[in-house]
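One line per chain: the protein sequences are A and B, in this order.
In terms of this note's numbering, the first sequence is numbered consecutively and its last residue is 332.
In terms of this note's numbering, the second sequence is numbered consecutively and its last residue is 332.
Think of the hints as simulated: they come from the structure by calculation, not from any bench.
Heads up, some of the hints might be wrong.
One copy or two, either will do: identical chains are not told apart, so a pair holds if it fits within one copy or between any two.
As a list, the in silico SDA-like pairs of lysine to any residue whose alpha-carbon atoms are at most 25 Å apart [stated by the list, open to error]:
#1 K113 - R68
#2 K22 - K302
#3 K29 - R327
#4 K75 - Q176
#5 K330 - D269
#6 K288 - F191
#7 K22 - N183
#8 K302 - T174
#9 K113 - S214
#10 K29 - T158
#11 K75 - A304
#12 K75 - M1
#13 K29 - A304
#14 K22 - T54
#15 K75 - G49
#16 K205 - T95
#17 K35 - C47
#18 K29 - R259
#19 K22 - T95
#20 K75 - Y59
#21 K29 - D332
#22 K75 - D247
#23 K30 - K302
#24 K330 - A116
#25 K75 - A39
#26 K205 - I89
#27 K35 - G91
#28 K330 - A251
#29 K22 - Q82
#30 K22 - F76
Protein chains: 2
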Amino acid sequence: MPELRHNVLTREWVIIATERAKRPEDFIKKRKEKKTLPAYVATCPFCPGNENLTPPETYVVPDTSSWRVRVTPNKFAALSYQGERRRAIQGIRRTVTGVGIHEVIIETPDHSKTTALLADAQVETVLQTYLNRFLFASRDPRVEQVTIFKNHGEAAGTSLEHTHSQMIAAPVITAQLRDRLINALGHFDEFGECIFCRVLDQELKESTRIVHESEHFVAFVQYAALSPFSMLIMPRRHMACFSEITDAEAADLARNLRRTLGKLYHGLDDPDFNYSVRTAPTEYAGVKYYHWYVSIIPRLTKLAGFELGSGMFINVSLPEENASFLRGVKVD
Amino acid sequence: MPELRHNVLTREWVIIATERAKRPEDFIKKRKEKKTLPAYVATCPFCPGNENLTPPETYVVPDTSSWRVRVTPNKFAALSYQGERRRAIQGIRRTVTGVGIHEVIIETPDHSKTTALLADAQVETVLQTYLNRFLFASRDPRVEQVTIFKNHGEAAGTSLEHTHSQMIAAPVITAQLRDRLINALGHFDEFGECIFCRVLDQELKESTRIVHESEHFVAFVQYAALSPFSMLIMPRRHMACFSEITDAEAADLARNLRRTLGKLYHGLDDPDFNYSVRTAPTEYAGVKYYHWYVSIIPRLTKLAGFELGSGMFINVSLPEENASFLRGVKVD
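Starting from the given sequences, assemble the full structure and let the hints guide the process.
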């Protein structure tokens, strides 16, 4: 019989289609041909030498010859860098000027490499760059919520193949984040514990949904994962905000992230995916009830009318089988 | 400058990308070739004569020769018809047995017709069938939330081209619906009015986002629409639950729905879309603070990492332009 599982972090229900579940192998991307990317593409705005195709950089990690990581404003920014944050309230209408920061983080000069194929040190530099831009954006008094995210592949919403991430710093906090903060606060008040720490503790005890453990982070498929192979990488140490990460933890997260994405890359033949850093804003650093993490969502299935019309999800795979499959994919 | 708009019904924020917005014409589906479907396909489980390819029907609207609308259990049901609803609570885990009802509503015997191409009377029969199945499912003591929805086209999650809808009656109420009920209740307590009635009233006054008005229903693009051309069709009369609809209203909704979908079909060249009936459960019939409606979501853009990672949306079109464009599409 199918089973409904409750996600305690988000209060969402998911139907785990236990009986008609697909096997992990069924999600391996069927490619027309194996695509190998060149290291340099003359028309790519993210390749070294083509810097004039993007707005001037806002941050760069230099290399002996050029750069290792480069950050520029998004040429097609969703929010305006210039202007004041102003809120208009008229009757039931609430409008805020679309000001904020929208940057692109070019993760490597090498056009041919995605995260799974980079060196650990390079991924670490990317994460340190995230931290730099996160702190920069958080200092902007117009900004309430900073989202760092990556779109990999067409189904994940990108057409640019040169590996990159983005940051959008928005002038409002979303109802979704507010609801999750309140949910976590309610759990803390009732049980005297961080709900995220509790979830991680239980996952480690049960161990069936663990994908990859490293010194400071644990990658796992959630008990109530909404979609096939979606995973969290959670810090073992309690931290509400991404800004609290130490250098040692960032280095460890780089190793963990690269291996976890490597398991997807090699196990499912480079599926399209999104990841994002889900964190409380910096002003929440130190609170006992919230806990930041990285959320990875492979884009293997489509949202349909049921999900859009109800807020409930159907997962056509078993979280335990997803994790077992990925544990079995060897990465260096 | 871009503008952030607040959706008062869902508390979601959307970035309306006013400056880099695409024109309505940019969303017209680029087809390889215009596809005309045959009226009958020998292998289609939903075509007349092939009834043995589906589970036995649970409801049928007969016609002189065979049937006008036919309902069967979904062959690949997400929930089990058999079994008791049982909830298991162990520590932080909440699990409910996956029992409920999952049916397919075959909207016409004619393989070649989508809703926009059907006769008004046929769409009315479909809506009366929705009502029958909604009431049937709502009487099942295991059921808490009934979702009626349609997936049209591959991007909307269907591979079967014979036009059909589905109903999933689930044994839990979702956090999303609960949050919207609470949000509406809060507005009622504070302002003494239904927030949906207020939104509809304001849309009618401003008129710039209205797509199609009929005697009992109004189709409009929301002020804070999350995606291009997404629309609500809302009853003018205050009703919390779909079960409260009268026969006259159902007939009018059929005409409105067919014309509104016709505007999408002819204006954007048959885009993929989902629609769903968003309603309070039957036990809420008569409450003053909630209001049911039909939500139509054309699948013209992809959710990417920002939306998945923040709960905020970017709409790359202007609701007012969407509505103006659709008003200009003539349908009979």
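Each hint, compared with the structure:
{"no.": "1", "hint": "K113 - R68", "result": "within (13 Å within a copy, 56 Å between copies)"}
{"no.": "2", "hint": "K22 - K302", "result": "both (15 Å within a copy, 24 Å between copies)"}
{"no.": "3", "hint": "K29 - R327", "result": "within (19 Å within a copy, 41 Å between copies)"}
{"no.": "4", "hint": "K75 - Q176", "result": "neither (28 Å within a copy, 35 Å between copies)"}
{"no.": "5", "hint": "K330 - D269", "result": "within (13 Å within a copy, 47 Å between copies)"}
{"no.": "6", "hint": "K288 - F191", "result": "within (12 Å within a copy, 36 Å between copies)"}
{"no.": "7", "hint": "K22 - N183", "result": "neither (32 Å within a copy, 38 Å between copies)"}
{"no.": "8", "hint": "K302 - T174", "result": "both (24 Å within a copy, 20 Å between copies)"}
{"no.": "9", "hint": "K113 - S214", "result": "within (23 Å within a copy, 56 Å between copies)"}
{"no.": "10", "hint": "K29 - T158", "result": "both (17 Å within a copy, 19 Å between copies)"}
{"no.": "11", "hint": "K75 - A304", "result": "between (32 Å within a copy, 17 Å between copies)"}
{"no.": "12", "hint": "K75 - M1", "result": "between (50 Å within a copy, 15 Å between copies)"}
{"no.": "13", "hint": "K29 - A304", "result": "both (20 Å within a copy, 19 Å between copies)"}
{"no.": "14", "hint": "K22 - T54", "result": "between (43 Å within a copy, 21 Å between copies)"}
{"no.": "15", "hint": "K75 - G49", "result": "within (17 Å within a copy, 56 Å between copies)"}
{"no.": "16", "hint": "K205 - T95", "result": "between (47 Å within a copy, 19 Å between copies)"}
{"no.": "17", "hint": "K35 - C47", "result": "within (18 Å within a copy, 41 Å between copies)"}
{"no.": "18", "hint": "K29 - R259", "result": "within (19 Å within a copy, 39 Å between copies)"}
{"no.": "19", "hint": "K22 - T95", "result": "between (44 Å within a copy, 21 Å between copies)"}
{"no.": "20", "hint": "K75 - Y59", "result": "within (15 Å within a copy, 55 Å between copies)"}
{"no.": "21", "hint": "K29 - D332", "result": "within (22 Å within a copy, 44 Å between copies)"}
{"no.": "22", "hint": "K75 - D247", "result": "neither (31 Å within a copy, 53 Å between copies)"}
{"no.": "23", "hint": "K30 - K302", "result": "both (16 Å within a copy, 20 Å between copies)"}
{"no.": "24", "hint": "K330 - A116", "result": "within (12 Å within a copy, 51 Å between copies)"}
{"no.": "25", "hint": "K75 - A39", "result": "within (23 Å within a copy, 48 Å between copies)"}
{"no.": "26", "hint": "K205 - I89", "result": "between (50 Å within a copy, 18 Å between copies)"}
{"no.": "27", "hint": "K35 - G91", "result": "neither (54 Å within a copy, 47 Å between copies)"}
{"no.": "28", "hint": "K330 - A251", "result": "within (21 Å within a copy, 60 Å between copies)"}
{"no.": "29", "hint": "K22 - Q82", "result": "between (49 Å within a copy, 22 Å between copies)"}
{"no.": "30", "hint": "K22 - F76", "result": "between (39 Å within a copy, 12 Å between copies)"}
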